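Work the whole structure out from these sequences, hints included.
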Amino acid sequence: MRSVDTPHRSAATGPPARPDRRRFAGLRPGPWVSGAVLLVLLAVWQLGAWTGLIDPRLLSSPVRVVAAAWEMLGSGALLRDTVSTFATLLVAVVFAIVVGELIGLALGRSERLRWTFEWQLVVLNSMPRIAFIPIVILAVGVGGVAKSVIGFLSAVVPIALFVMTGVRQVSPTMIQVAQSLAFGRSALWTKILVPASLPHLALGLRLGFSRALLGVVVTEVFNPVAGLGRWIALGRTSIDPSRLIVAALVIGAVGTVVVQGISAAHRRLGGAS
Amino acid sequence: MTRSRVLRHQLAGALVVIGLWALLTYPGLVNPFVLPTPTAVLDAVVRGLTEGSLGDHVLRTSGTFVVCFALAVLLGIALGATPGLVPSVHRSVEPLISLALSVPIVTYFAFLVVLLGYGFWSVLALGVVTATPTMITSTVTAFQEVDAALLRVGAVYTASRPARFLRIVLPGSLATLSGGVRIAAGRALIGVIVGEMFLSSEGLGAQIVNASGFFDIPAYYAVVVALAVISYVVAVVFGAVENRTAAYVT
Numbered sequence: 001m002r003s004v005d006t007p008h009r010s011a012a013t014g015p016p017a018r019p020d021r022r023r024f025a026g027l028r029p030g031p032w033v034s035g036a037v038l039l040v041l042l043a044v045w046q047l048g049a050w051t052g053l054i055d056p057r058l059l060s061s062p063v064r065v066v067a068a069a070w071e072m073l074g075s076g077a078l079l080r081d082t083v084s085t086f087a088t089l090l091v092a093v094v095f096a097i098v099v100g101e102l103i104g105l106a107l108g109r110s111e112r113l114r115w116t117f118e119w120q121l122v123v124l125n126s127m128p129r130i131a132f133i134p135i136v137i138l139a140v141g142v143g144g145v146a147k148s149v150i151g152f153l154s155a156v157v158p159i160a161l162f163v164m165t166g167v168r169q170v171s172p173t174m175i176q177v178a179q180s181l182a183f184g185r186s187a188l189w190t191k192i193l194v195p196a197s198l199p200h201l202a203l204g205l206r207l208g209f210s211r212a213l214l215g216v217v218v219t220e221v222f223n224p225v226a227g228l229g230r231w232i233a234l235g236r237t238s239i240d241p242s243r244l245i246v247a248a249l250v251i252g253a254v255g256t257v258v259v260q261g262i263s264a265a266h267r268r269l270g271g272a273s
Numbered sequence: 274m275t276r277s278r279v280l281r282h283q284l285a286g287a288l289v290v291i292g293l294w295a296l297l298t299y300p301g302l303v304n305p306f307v308l309p310t311p312t313a314v315l316d317a318v319v320r321g322l323t324e325g326s327l328g329d330h331v332l333r334t335s336g337t338f339v340v341c342f343a344l345a346v347l348l349g350i351a352l353g354a355t356p357g358l359v360p361s362v363h364r365s366v367e368p369l370i371s372l373a374l375s376v377p378i379v380t381y382f383a384f385l386v387v388l389l390g391y392g393f394w395s396v397l398a399l400g401v402v403t404a405t406p407t408m409i410t411s412t413v414t415a416f417q418e419v420d421a422a423l424l425r426v427g428a429v430y431t432a433s434r435p436a437r438f439l440r441i442v443l444p445g446s447l448a449t450l451s452g453g454v455r456i457a458a459g460r461a462l463i464g465v466i467v468g469e470m471f472l473s474s475e476g477l478g479a480q481i482v483n484a485s486g487f488f489d490i491p492a493y494y495a496v497v498v499a500l501a502v503i504s505y506v507v508a509v510v511f512g513a514v515e516n517r518t519a520a521y522v523t
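Quick note, the sequences are listed as chains A and B, same order.
Under my numbering, the first residue of the first sequence is numbered 1, with each subsequent residue one higher.
Under my numbering, the first residue of the second sequence is numbered 274, with each subsequent residue one higher.
Hints in this document: simulated from the structure, not taken from any laboratory.
Bear in mind that the values here come from a model prediction, so they are computed numbers and not experimental data.
Don't be surprised by glycine CBs; every beta carbon is placed ideally from N, CA and C.
Just to be clear, a hint being listed does not mean it is correct.
In silico contact screen, one side only, chain B against chain A (beta carbon under 7 Å); selected entries [said to hold, decoys possible]:
#, residue
1, V379
2, I481
3, A519
Quick look at the structure:
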């Protein structure tokens with residue numbers, strides 16, 4: 001903050017109805033307040049651990065977390081587990097995009113198909129997919145395939161439902177115009193229906209990705225063979241949660257970046273909000 | 274006329290699903306350890322309800338869900354109200370809110386166990402922390418959409434703060450808010466189930482782990498069926514609430 005005025009008290013909590021007071025405040029409220037709050041919390045956490053008010057063996061401390069991250073980086077385990085988690089997630093999401101788009105296109109175009117199969121999708125969509133973890137592991141065994149299947153199941157349903165909505169929103173006039181311009185069947189799909197569905201695909205993907213990430217990580221917690229969820233399973237039973245926090249930070253960071261990327265793609269495809 | 278046609282198709286959809294299931298399982302095309310026959314699952318549901326504790330677990334999970342959901346909605350509105358109404362506060366705390374949204378819920382496991390121990394309170398807390406961030410963001414969005422002119426009118430007519438909140442802000446943001454409520458309900462249910470799977474020995478989530486651990490696959494499917502029914506009821510109820518409020522506002 002490059003402010004020439006002498007910094008006064010933060011106006012973040014000042015009532016909006018009195019602008020006079022804010023005019024004199026040198027520091028204007030902005031995202032930096034969040035950063036400051038986080039820093040204060042980290043400082044309190046560390047101080048608590050140093051003074052013994054917080055038991056660092058039970059609740060860790062920022063310094064311990066950084067040390068754990070350093071150790072996990074050095075041993076290569078962090079990189080290996082991150083790749084394991086997000087590679088299976090990628091496979092799951094690619095399959096979910098293809099299958100979800102196809103289901104969405106079919107259900108969006110045919111009223112009969114939609115009447116027949118939409119409600120099964122709605123039931124699946126409302127149900128926590130993590131309930132399927134034990135049976136998927138029984139069916140395909142532990143390891144990457146089980147994680148991908150859970151990720152796929154988590155992501156495919158919202159994608160299909162969003163694409164279906166997108167196709168249904170294509171105006172009938174547009175389709176009539178296309179038909180009167182002698183668009184062939186395939187041209188109608190490739191030039192109108194599929195492009196119209198893409199922004200909705202991105203929306204469904206944004207939701208589906210978050211759910212798939214949850215599904216993959218919970219599968220890893222349930223069956224800690226590889227991946228970042230393994231550290232959460234270990235942290236659950238061991239005393240020091242430092243590594244659990246590192247794994248969670250990596251999951252949160254990569255997940256946030258991907259979701260922001262999907263949102264950017266959605267805006268580029270011309271979708272609203 | 275159309276309604277009955279839709280109903281006929283939905284029924285046909287159910288028959289397709291059950292028919293496929295029967296075709297795969299009765300001749301033994303699928304390992305019964307992965308997918309038992311429809312009658313075996315139906316039998317497990319009936320036995321679970323009459324002799325077993327399936328009913329108790331359904332009640333327990335539903336009860337925990339309702340408490341979590343209600344707490345999350347109240348907390349979300351309470352925490353989202355100020356950022357939603359005061360732009361400078363929103364600018365200040367927005368990064369914190371998106372951070373809270375991106376934290377994977379499994380992160381909370383270890384802390385909950387340390388702070389609250391295994392059992393009901395950890396499950397409750399997990400459900401609340403899972404559903405609250407999305408309720409905060411939708412409260413912020415909903416309150417930002419409230420017509421500023423109406424708020425000024427309220428101020429001009431010297432309506433008190435609570436009156437302005439109850440008469441202008443809440444009704445004006447109801448449609449967006451109820452959309453958030455529906456999403457929060459789904460998230461709360463996920464939080465409760467994950468919590469029961471890993472932090473408790475009671476409820477449907479724990480039964481999923483137990484039944485599959487003992488390889489009692491029909492019992493596992495009975496729990497899944499119960500969960501599907503609860504989820505569907507939740508989705509239908511809050512979908513209807515959202516439609517009603519949208520109709521009420523416009």
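Going through the hints against the structure:
Hint on V379/B holds. Least Cβ distance to chain A is approximately 5 Å, under the 7 Å limit. Hint status for I481/B relative to chain A: holds, with the closest Cβ pair at about 6 Å, below 7 Å. A distance limit of 7 Å between C-beta atoms decides the matter here; for A519/B the minimum to chain A is near 15 Å, and the interface restraint is violated.
Hint check: a violation occurs at hint 3 only; the rest are consistent with the structure.
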